[in-house]
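Asker: Take a look at the letters that make up each chain.
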Amino acid sequence: MNISRIQTIVDKEWAEVFKNKLVLFTVGFLPLILTLLPLGILYFTSRTTPSGGDLADLPPSFKAVCGDIEPAECLQVYLLNQFLLLFMMMPLIIPVSIAAYSIVGEKTTRSLEPLLATPISTLELLTAKGLAAAIPAIVASWGGFAIFLVGVPLVGGSLTVLRQVLAPTWLLAVLVIGPLMAVMAVIFAIMVSSRVSDPRVAEQTSAVIIVPLLAVLFAQLAGVIVLNVSFMLIAILVLAAVDVALVYLGARLFQREVILTRWK
Amino acid sequence: MIHTEGLTKVFGTGDQAITAVDRLTLDVAEGEVFGFLGPNGAGKTTTVRMLTALIGPTAGVARINGLVVGKDDAAIRQQVGLLTETPGMYDRLSAEKNLTLYARLYGVSDVAGQVRKYLTLLGLWERRQDEAGSFSKGMRQKLALARALLHEPRLLFLDEPTSGLDPEAAKLVRDFIAELKADGRTIFMCTHNLDEADRLCDRVAIFKTRLITVDAPANIRQRLYGRRVVVHLGQAAGDLAAGVVALPFVKAAEAVDNKLVVTLDHPEADNPALVRWLVEQGAAIQFVGELRHSLEDVYLRLIDEQQ
Numbered sequence: 001m002n003i004s005r006i007q008t009i010v011d012k013e014w015a016e017v018f019k020n021k022l023v024l025f026t027v028g029f030l031p032l033i034l035t036l037l038p039l040g041i042l043y044f045t046s047r048t049t050p051s052g053g054d055l056a057d058l059p060p061s062f063k064a065v066c067g068d069i070e071p072a073e074c075l076q077v078y079l080l081n082q083f084l085l086l087f088m089m090m091p092l093i094i095p096v097s098i099a100a101y102s103i104v105g106e107k108t109t110r111s112l113e114p115l116l117a118t119p120i121s122t123l124e125l126l127t128a129k130g131l132a133a134a135i136p137a138i139v140a141s142w143g144g145f146a147i148f149l150v151g152v153p154l155v156g157g158s159l160t161v162l163r164q165v166l167a168p169t170w171l172l173a174v175l176v177i178g179p180l181m182a183v184m185a186v187i188f189a190i191m192v193s194s195r196v197s198d199p200r201v202a203e204q205t206s207a208v209i210i211v212p213l214l215a216v217l218f219a220q221l222a223g224v225i226v227l228n229v230s231f232m233l234i235a236i237l238v239l240a241a242v243d244v245a246l247v248y249l250g251a252r253l254f255q256r257e258v259i260l261t262r263w264k
Numbered sequence: 001m002i003h004t005e006g007l008t009k010v011f012g013t014g015d016q017a018i019t020a021v022d023r024l025t026l027d028v029a030e031g032e033v034f035g036f037l038g039p040n041g042a043g044k045t046t047t048v049r050m051l052t053a054l055i056g057p058t059a060g061v062a063r064i065n066g067l068v069v070g071k072d073d074a075a076i077r078q079q080v081g082l083l084t085e086t087p088g089m090y091d092r093l094s095a096e097k098n099l100t101l102y103a104r105l106y107g108v109s110d111v112a113g114q115v116r117k118y119l120t121l122l123g124l125w126e127r128r129q130d131e132a133g134s135f136s137k138g139m140r141q142k143l144a145l146a147r148a149l150l151h152e153p154r155l156l157f158l159d160e161p162t163s164g165l166d167p168e169a170a171k172l173v174r175d176f177i178a179e180l181k182a183d184g185r186t187i188f189m190c191t192h193n194l195d196e197a198d199r200l201c202d203r204v205a206i207f208k209t210r211l212i213t214v215d216a217p218a219n220i221r222q223r224l225y226g227r228r229v230v231v232h233l234g235q236a237a238g239d240l241a242a243g244v245v246a247l248p249f250v251k252a253a254e255a256v257d258n259k260l261v262v263t264l265d266h267p268e269a270d271n272p273a274l275v276r277w278l279v280e281q282g283a284a285i286q287f288v289g290e291l292r293h294s295l296e297d298v299y300l301r302l303i304d305e306q307q
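Chains as they are written, first to last, in the numbering used here: chain A, 1 to 264; chain B, 1 to 307.
Hints were generated in silico from the structure; no laboratory data involved.
Only true hints are included.
Some but not every residue of chain A turned toward chain B, in silico, with C-beta under 8 Å:
1) Lys12
2) Ala15
3) Glu16
4) Thr109
5) Arg110
6) Ser111
7) Glu113
8) Pro114
9) Leu116
10) Ala117
11) Pro119
12) Arg256
13) Leu260
Even glycine gets a Cβ: it sits at the ideal position worked out from N, Cα and C.
Taking the hints into account, I'd like the entire structure generated from these sequences.
Answerer: Below is the structure:
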């Protein structure tokens, strides 16, 4: 693997793809909105929820997670936990949009053949394309999370709530599951992009990958599951297996001959 | 420089199998400009893709500078330059950034210097900051040519280098190819422009899935039509044709109005004797010239025969 060539392609991808306003919006504003939304909710709940009360309205499994936290704070933690999935969603949405444009763009401008005629290996090219899409997604998600952490005490979140947000469940979700999801989304988007010739179609089709996460969101809202450390560890194992399978499939799909003769 | 033996490419399998290139055997020497001619779908681009190590052959061998396609692919790609059928530039990037990207991918040591050199040589330096998407077709083609040359390859593959260009842009590209030829580079050129091939190429191959013929254009012409001299006379030529055909160095002769069309093996040597004989017969010779068949005539005849 030649790092310089990978760096060159990543630079090119960013120089090209960030000239697209839709991609810029997705990478820049979407994480900001998804970060400000829970902060806004926290701001209002911290002002409207009286201390005391009981946990009767919360799902029973969640009461166990709250432990001896004060009910008002537990409610805040409960609400914020619903937004944990937004931080997991960011690394899924952002790279799909970048990868869709980066691959379909190569097809529409017919720039793949001269690119493949250089000494770059297919693996280097794939790695560069993947990194170019995944890095902004991970940076944006982590950046959003950093803003969120700074914002929690500023909008009225207690130290207990902040401690919950810095607990292993959240850290595993943002720091480990996020990148794993980004890898999954990138490879999936690249595979979809190889079959279509319109970036919008590629983006919309690739968005299907969000469906399993939405299922998790609804299951959590319904109280069927609780996002705790055990759930996160299982999710990490499943995602790692899916990523390995997708990388294997991607490597089979991305042979020069396939790219040149079938990507039309 | 290029050697192929039984080079074959089949796409698909079973009933769906399509043979794009069938047992191609040819050699291209160093410094040669080689024209690869054939109709659309003949397998020219597939051949170029195999020779530039973009796709592997199904059977046979191809060697580029001694390197084997399918085995030394990265080294082959490092040593050859390719001008693809469509320029395929990154439209949102400037001309300079497009070339810088490729110079870095080829591992060029003086990236800025090489980019400047070829942008200047091809008359694009003043427009270096403009997005490639704003360029005319001719300018994009020149930019693509610059891209193919950044790493100073001694072997260049040009796929339809003047296709779709206006006459002025086509001439600029042609002149540049002539300069590359003078520089001693080996050029393998696919083209539909037969006049261009005739002017630029030392040898041409006429190809339609299989190799039909390969030689210098003049040799192919001679083989197919012989060399013919046309003598314009001040009188009807009919009476003289029978006498001319009896001359020992004449292969054939025919009269067309007041013209005599004479087939000779060596017009340079035999024309003086022919003219002398005609004058002795009292013929009023107005002028003498060689009747040349265009490469297009040759090409169409060979393709037609193959069909």
